[in-house]
Amino acid sequence: DQQVKQNSPSLSVQEGRISILNCDYTNSMFDYFLWYKKYPAEGPTFLISISSIKDKNEDGRFTVFLNKSAKHLSLHIVPSQPGDSAVYFCAASEINGQNFVFGPGTRLSVLP
Amino acid sequence: EAQVTQNPRYLITVTGKKLTVTCSQNMNHEYMSWYRQDPGLGLRQIYYSMNVEVTDKGDVPEGYKVSRKEKRNFPLILESPSPNQTSLYFCASMRSPPGYEQYFGPGTRLTVT
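Residue numbers (the working numbering), protein chains in the order written: chain A, 20 to 131; chain B, -11 to 101.
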């Protein structure tokens, strides 16, 4: 059973609009959450993270929101740009930060 | 340039023929890890290493071996590959956990026939 779920395999958004990518988890011991972006034929690259003691973290156009009671986090991209088109993975780790669990990914397409 | 390198990038082999995928990082990171990516399953952790001579199993370690004799290198060994190990493999490194992001290599696409 997947501990980290991304229920939308794909998402299409118009350039300039907001992209919202969602992630749900089942393990209440997860303490640290990350988002990675992956382009074809490349390895994933880190985007943004959030600790369980926070409910929001912002970095430029990217904001991650964490709702611990709902075991849900989301990544907001505002405004979306064509270069944001990629697969986005949500990941989580427990407090020791050693073992990481990734979701299946959401493919974002930003249309010009 | 800070990077994680993997070799080979592509490999086609036959069932049972031992192979090694190398991974090296130049960032002096203590932590290194191997993942496999399969459609619909995302990245699944195979093994990780907290430092030299310290390795531990991830979520899908069966059929794989690793070693960490030097800080910069973390090879993945398939003693007897099988077709269900056909996958895209990524090596990653980061500073000592917790709370840091991983840097990933470019991936190795392995096909076992």
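Derived by calculation from the structure, the hints in this document are not laboratory data. Hints should not be assumed to be uniformly reliable.
Listed below are the simulated DMTMM-like cross-link pairs for lysine to aspartate or glutamate, each with C-alpha atoms no more than 25 Å apart in a straight line [said to hold, decoys possible]:
1) A:Lys24 to A:Asp74
2) B:Lys53 to A:Glu113
3) A:Lys73 to B:Glu(-11)
4) B:Lys59 to A:Asp74
5) A:Lys24 to B:Glu67
6) A:Lys90 to B:Asp47
7) A:Lys24 to B:Glu18
8) A:Lys87 to B:Glu89
9) A:Lys87 to B:Asp47
10) A:Lys56 to B:Glu67
11) A:Lys75 to A:Asp43
12) B:Lys59 to A:Asp43
13) A:Lys56 to B:Glu(-11)
14) A:Lys56 to B:Glu18
15) B:Lys6 to B:Glu67
16) B:Lys59 to B:Asp47
17) B:Lys45 to A:Asp74
18) B:Lys45 to A:Glu113
19) A:Lys56 to A:Glu113
20) A:Lys56 to B:Glu89
Now the stretches of chain B that chain A is said to cover, found in silico as 3 or more residues with beta-carbon under 8 Å [unchecked claim]:
21) 22 to 35
22) 44 to 50
23) 89 to 100
Estimated spans, in silico, between C-beta atoms of each pair [stated by the list, open to error]:
24) A:Leu130 to B:Gly4: 43 to 51 Å
25) B:Leu76 to A:Ser47: 27 to 35 Å
26) A:Ile72 to B:Lys5: 22 to 30 Å
27) A:Gly102 to B:Asn(-5): 27 to 35 Å
28) A:Ser47 to B:Tyr88: 40 to 48 Å
29) B:Tyr88 to A:Ile37: 41 to 49 Å
30) A:Ser47 to B:Lys45: 38 to 46 Å
31) B:Ser70 to A:Leu30: 16 to 24 Å
32) B:Thr10 to A:Asn46: 28 to 36 Å
33) A:Ser70 to B:Asn61: 48 to 56 Å
Fair warning: this is a prediction, and the values are worked out from it, not measured in the lab. All C-beta atoms in this analysis are idealised placements derived from N, C-alpha and C, irrespective of residue type, glycine included.
Note to self: Quick check on a hinted range of 27 to 35 Å for Leu76 of chain B and Ser47 of chain A, using CB atoms only.
What the structure shows: Because 31 Å falls inside the window, the suggested range holds.
Notebook entry, point to check: Does the alpha-carbon distance linking Lys45 of chain B and Asp74 of chain A stay inside the 25 Å limit?
Noted result: violated, 31 Å
Next item on the list: Please work out if Lys59 of chain B and Asp47 of chain B have their alpha carbons no farther apart than 25 Å.
Entry: holds, 23 Å
Notebook entry, point to check: Does Glu18 of chain B lie within 25 Å of Lys24 of chain A when you go C-alpha to C-alpha?
Noted result: Violated, at roughly 29 Å.
Check: Does Glu67 of chain B lie within 25 Å of Lys6 of chain B when you go C-alpha to C-alpha?
Finding: holds, 5 Å
Notebook entry, point to check: Given the hinted pair Lys59 of chain B and Asp74 of chain A, is their alpha-carbon gap at most 25 Å?
Noted result: violated, 35 Å
Next item on the list: For the range 38 to 46 Å, tell me whether the beta carbons of Ser47 of chain A and Lys45 of chain B fit it or not.
Entry: At roughly 22 Å between Cβ atoms, Lys45 of chain B and Ser47 of chain A fall outside 38 to 46 Å, so the hint is violated.
Next item on the list: Measure nothing beyond the straight line between the CA atoms of Lys56 of chain A and Glu67 of chain B; if it is 25 Å or shorter, mark the hint as holding.
Entry: violated, 32 Å
Item checked: Proposed proximity, Asp47 of chain B with Lys87 of chain A (alpha carbon, max 25 Å) -> holds, 24 Å
Margin query: Check whether the Cα positions of Lys90 of chain A and Asp47 of chain B lie no farther apart than 25 Å.
Written below: With a Cα-Cα distance of about 21 Å, the restraint between Lys90 of chain A and Asp47 of chain B holds, given a limit of 25 Å.
Notebook entry, point to check: Between Tyr88 of chain B and Ile37 of chain A, does the C-beta distance stay in 41 to 49 Å?
Noted result: Hint violated: Cβ distance 28 Å, outside 41 to 49 Å.
Check: Within 25 Å, alpha carbon to alpha carbon, are Lys73 of chain A and Glu(-11) of chain B?
Finding: violated, 33 Å
Violation of the numbered hints given earlier is confined to hints 3, 4, 5, 7, 10, 12, 17, 26, 28, 29, 30, 31 and 33; the remaining hints are satisfied by the structure.
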